[in-house]
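Starting from the structure of chain A, add chain B where the hints point.
These are the residues of each chain, in order.
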Amino acid sequence: MAAGCLRPVPLRLLRRPSPSPNMILTKAQYDEIAQCLVSVPPTRQSLRKLKQTFPSQSQATLLSIFSQEYQKHIKRTHAKHHTSEAIETYYQRYLNGVGRNGSAPVLLELANEVDYAPSLMARIILERFLQEHEETPPATWLAFGNEIQCTWLRSQIIKFPSSKSVINSMLRDPSQIPDGVLANQVYQCIVNDCCYGPLVDCIKHAIGHEHEVLLRDLLLEKNLSFLDEDQLRAKGYDKTPDFILQVPVAVEGHIIHWIESKASFGDECSHHAYLHDQFWSYWNRFGPGLVIYWYGFIQELDCNRERGILLKACFPTDIVTLCHSIA
Amino acid sequence: MAAVLESLLREEVSVAAAVRWIARSAQSSEDDPGEAAALRSLRPLRKEFVPFLLNFLREQSSRVLPQGPPTPAKAPGSSAALPGRPGGPSRGGRGARSQLFPPAEPSSAAAAEAPPARRGGRRRGPGPGRERGGRGPGGLEEGVGGESPPWAAGRRRRSSGSPGSPGRARSDPPNLSNLEEFPPVGSLPPGPAGTKPSRRINPTPVSEERSLSKPKTCFTSPPISCVPSSQPSVPDTSPWGHGLPPGCRSLQEEREMLRKERSKHLQQSPTPACPTSESGSPLPSRTGNLTAEAADPARVSSRQRLELIALIYSSCIAENLVPNLFLELFFILQLLTARRMVAAKDSDLEPTPGAPDSLESPLFQSVHDCVFFAVQVLEHQFDKGTLKLLAENERLLCFSPALQGRLKAAYEGSVAKVSLAMPPSAQAVSFQPETDNRANFSSDRAFHTFKKQRDVFFEVLREWEDRHEEPGWDFEKGLGSRIRAMMGQLSAACSHSHFVRLFQKQLLQMCQSPGGTGGTVLGEAPDVLNMLGADKLGRLRRLQERLVAPQSSGGPCPPPTFPGCQGFFRDFILSASSFQFNQHLMDSLSLKIRELNSLALPQPEPSDEDGESDVDWQGERRQFAVVLLSLRLLAKFLGFVAFLPYRGPEPPPTRELQDSILALRSQVPPALDVRALLQQGLRARRAVLTVPWLVEFLSLADHIVPLLDYYRSIFVVLLHLHRSLVLSKESEGEMCFLNKLLLLAVLGWLFQIPTVPEDLFFLEEGQLDAFEVDTVPSEHGLDGMPVVDQHLLYTCCPYIGELRKLLASWVSGSSGRSGGFVRKITPTTTTTGLGAQPPHTTQGLQAQLAQAFFHNQPPSLRRTVEFVAERIGSNCVKHIKATLVADLVHQAESLLREQLVMQGQDGGDPAQLLEILCSQLCPHGAQALTRGREFCQKKSPGAVRALLPEETPAAVLSSAENIAVGLATEKACAWLSANITALIRREVKAAVSRTLRAQGPEPAARGERRGCSRACEHHAPLPSHLISEIKDVLSLAVGPRDPEEGISLDHLEQLLGQLGQTLQCRQFLCPPAEQHLAKCSVDLASLLVADQIPVLGPPAPRGLERGQARRLLHLLLSLWKDGFQVPVPLQLLLSPRNVGLLADTRPREWDLLLFLLRELVEKGLMGRPEIEACLGSLRDAQWPKDFSEELATLFNLFLAEPPMPEPQLRACELVQTNRGTVLAQS
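Chains as they are written, first to last, in our numbering: chain A, 8 to 334; chain B, 1286 to 2511.
Since the hints were derived computationally from the structure, they do not count as laboratory data. Some clues are possibly wrong.
[As the list claims (entries may be wrong)] Simulated pairs of lysine-lysine, DSS-like, Cα-Cα distance not exceeding 25 Å:
#1 A:K242 x B:K1737
#2 A:K34 x A:K58
#3 A:K242 x B:K1790
#4 B:K1737 x A:K246
#5 A:K87 x A:K171
#6 A:K242 x B:K1736
#7 A:K211 x A:K58
#8 B:K1736 x A:K246
Please read these numbers as outputs of a predicted model, since none were measured by experiment.
Bound-form chain A, shown alone (with noise of 0.2 Å):
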């Protein structure tokens, strides 16, 4: 998935889906382009370098497999970020820092320095901010109450203030955050990390949504019937693809009976957790089918063409349908 940021998927790029050969990377390639986004902080300027870096991709690719890169590293370094000691560090560097100065960009910096994402050091800190007012509670922060609009949050913050949906709430919403200056340092972290954080989400779901959206047009305007995700779970299906064909077609040669939209970049970590967790069980189902990888996969994954799982990056222009006339 795409975290969109600077420069966002060129518009022109989704409009018009077209075969552009820079999206499919051999893996050699993506190899290469991986290589350059270790230890890249997820930064609005780190982007703009690597775009510098790499001018003949496209954006929107680049900006998916910088952000699957990152959640990767980030997933492999997520547990040395929680374990208490280290919270309590960053807490107290946190604090040390707003303590001298309560507008720089301390937790940013923070987050930063230590090779982590903004949104979940700002978490980090929230929790830990709202644990030590749980012990004791409402008093100090009940002044910041009334701020909150929301009477279920309120309740809620007051029985569970470091419950997991107050934090959530709290960081779509920082000014829900009974502390000035940590709902400043949150927001400031969310609003620049390019991977993570309840806006980078919003971004990619749209974006996914947007795709699907395309997906649909183009099905109408070839007369392909179909059926999609909630007509599919209205009649009891258990795994559901994004579209169904009504009556499959054939692209370059291989039969199709769903498809399904991916917008993001197909790279191996994530085609294969697909592949287990959606693309097999559709073709359990429904047999073979296409997934497209809006913003390109490895090449060297579109090894299952012959088992019913085919690949492509844009909607496929040599689509054979059912002949109404044979004989």
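Coordinates of chain B only, in the frame set by chain A:
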């Protein structure tokens, strides 16, 4: 027994009489009294004659075919009857066995004489026989090396000690691929006992009570190249383990060994052998000896004797007195293609002088004798599929030009074609909401569990596909635990039934097709041969066979196997080892078998016009084939599961044990009442459908089963049936030839299965008669219809192909190199797998698309479409006849009249007239196709529409209609283009007296499809793009940022403009995105109000001018008012955090905030009280003192000002002065 043969040879008894004598107990009146007398005396021996004859021939040929595939079928009683060895009629026969392969070493004799001979076989420890329950590929391994199960071996050994016949030392070079000489590793130390080349028929006098089951080696004689399939599983127990040449230790064999190891681990002793074909590893073959000796009719010795024996032998074959027709044919062909005689010791081979015609001297003294004999037999019997190859055998020409001529004629006349069309490749079982959705499960949990199971099942299947051919991969190790974990989750009975349904459907989908059994059963060789003729074919064929030919299927009589994908399902059942699963599976299989078995296969109404019925007929034959193959598959698995708990490596060791098992087992009701089904089938004349699957079922029975009364009675019925299927008899109402051949083949095969007692076949006829089947000849039974075609025959009985291969290998001249068989290389690509084959041609693609289309639809849709297509196609032909042909007939009538007028009353020669008319009219037949198409197009859609449910989606309906049109058209046009001329001709011929109406069809209108067109062209920017852009602005504003970073005013305006467009278009907008956009826009407004946005300007990044800011705020206000459809969190504008932004600004700009608040009220976006509440709560927060003061001022201002448009300016001024003072102070 030999006495009978002797008397035949001495011509005391005629062959015909002898055969009658053998076949029937009663003497026929035709019999010569003398003959009758001669035979009467031999009466007790009658039953043993055939086994004797078979064994006699096998033994006689052993020196001719030492290197070819071991001679098949050695029947009991062989050399016992040799003169000079009066072994006594009945028991002596057994004793004679060892004579043929006399103990070569003293140790052998010792072994044979070991007192506990019965147990002798067990000392070996876990030999192959044990692991596989004696059903290894070929049982061959069992036979070899004295490996046959305990008491069979015991009996044999007991007697074998006695004769102590002079060992005829083998003089031919060691033949590594000969199992007799080099038994599989571990089967037994290469000892003496390993002399039994193949299963012998071991008749037991019926007077003896039912004997213990006599497991036996398979009668078969798999070609040597197949031997490795019986690779022993205990490596290294013998020095031979590593002594084998490298070729023997191919990966294939290792794999095979691993498999067996695994099955041993599993304790699934009876795991039927894996496909023998897999194991046809190349064995380096006999040294030299490649060239065949030229056979010369002139050099045939004792011609008369050979003729006689050939005659009686072929009579036995013709009367179905031999257990397996094809085995005998195979034997004959082996003789025919014998390469050369083994150079035996002269002394052994020297015919006894003076007694040339006695049995004393070897029957086959040379290749010439063999060929002569074979040709003699062939003159009486020949089979169809191999006609061409036979015809091309130059030896045949040489020995019997007449036979060759007949073969050629038969070949040319034969229309039997082997179609290689493959059914569509397998897919996964599709999800059908009617059976698979939540409503079909007891709980959400069960539903979701099954969801996961489906995925695990296919995951396992895929992994199996990928890896099962890898060396060292093991099903149980690789997948066992996963399967069991999955099965463990199936708790509720309903889940089991769901899973079983999935399992069974997938089984049918994957294994039904011949391809699914691991390769085409029949290579393309015959077709290529047809095209090219045999002359220069050697090399080509060899090459071709290397590339495409299937591997040998394990000789003419392979044991039951689970080839290809079937192996997966078998192993799955074994690994799952779930009682519940097995029970559900049996239930489900039984149900399906009953259902298919009783399926009213459409029967072609006997049509007097040979025309149209053809149209329907092919489809029905195809349907029959599908049903038959499905039944066989299901029955095989039913047999596998049903007998699984009983299958042991060996039959019970003692009589007492066996009796108690029998007593127990006879209480157990059969999994499926197959006897009733068989009887029904016979009564309804549907044996051709019922018997083949029943044979599959029985082939997987355990050793005890044939001894149980219930099953024994079934075997007796089958024996009776077998005896009655005399191929040469073709009377009215009889079974069709190929139907018979199929039954003979499968029954013959069944009788050779190791678990079927070998004496079963040679039951006393009294017993047979007791089970007379009351066949009520019904007119329209399937048996009387040509439902079986050549292709189906070969599909069901791939081993028949062995005959062909034997001949083919002769033609290619390569037999010597690989034990009589062309060495095969397995094609590396699997033809059927989970994935679809990429279709290569457009037509193929379309066909696949049509298949794929049905895949996810309810099965009824397909049935409907096929039904409609079938009927419309058929109707179309009738329609054409009623219209076009009728028109032409009409024309013909008028033409005829003209002709008659012109030429006067006599008109001329009627035949000539007909020719003239036809030449004029037949070209019009071409219209039939066009008209047929029109008809199908017109009629099919309506029919489909009428038959499909109302709620069928339009696209599905239209595709179904179109497929129906296509299929109907195809069917009709195929028939029409082939037959229209003949039809016209026929009709015209009968024209004069006919009057027919005519009507023309109308062109059908095609349904049209709609497209999507909306007013909006959806060119608005995408929401994700906007969120992303706004996020960037926010991050720039919040910082940190580089000194040169900033945003241009234009960009901001453009951004808001785009936001407006997006909110209008909404095509790509989803609620979460809109919510985030709303929130971001509020954040943006707050930053504008606080003048926190760094604008790129000529000098340097700076704040916005107030006018610009207001313009932007105006844009935002109108978006909030009109653009957003989700609630905009405007109260956030007055959140402490956003207002707090102002605190950092120097100088503070309050006027924009005031402006914004007023506009909010103005536009009705926020109510005054709401704003007041927000401002009120702001006061509670902790602020710097000066900020609090300013905030209070703002609050007062807002409260004081009436909501009027103009005064706000003044208010702003006020604030501005305030700002001015702040400035001044700082």
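Checked hints:
1. Between the alpha carbons of K242 (chain A) and K1737 (chain B) the distance comes to roughly 19 Å, so the proposed pair stays at or under 25 Å and holds.
2. A C-alpha spacing of about 20 Å is found between K34 (chain A) and K58 (chain A), which places the hinted pair at or below 25 Å, so the restraint holds.
3. With a C-alpha separation of about 22 Å, the suggested pairing of K242 (chain A) with K1790 (chain B) holds against the 25 Å cut-off.
4. This hinted pair checks out: K1737 (chain B) and K246 (chain A) have alpha carbons roughly 10 Å apart, not beyond 25 Å.
5. Annotation: proposed proximity of K87 (chain A) to K171 (chain A) holds, straight-line Cα distance about 20 Å (limit 25 Å).
6. Note on K242 (chain A) and K1736 (chain B): the hinted pairing holds, with a Cα-Cα distance of about 15 Å set against a maximum of 25 Å.
7. The hinted pair formed by K211 (chain A) and K58 (chain A) meets the criterion: a straight-line CA distance of about 20 Å does not exceed 25 Å.
8. For a cut-off of 25 Å, the pair hint linking K1736 (chain B) to K246 (chain A) stands: about 8 Å separates their Cα positions.
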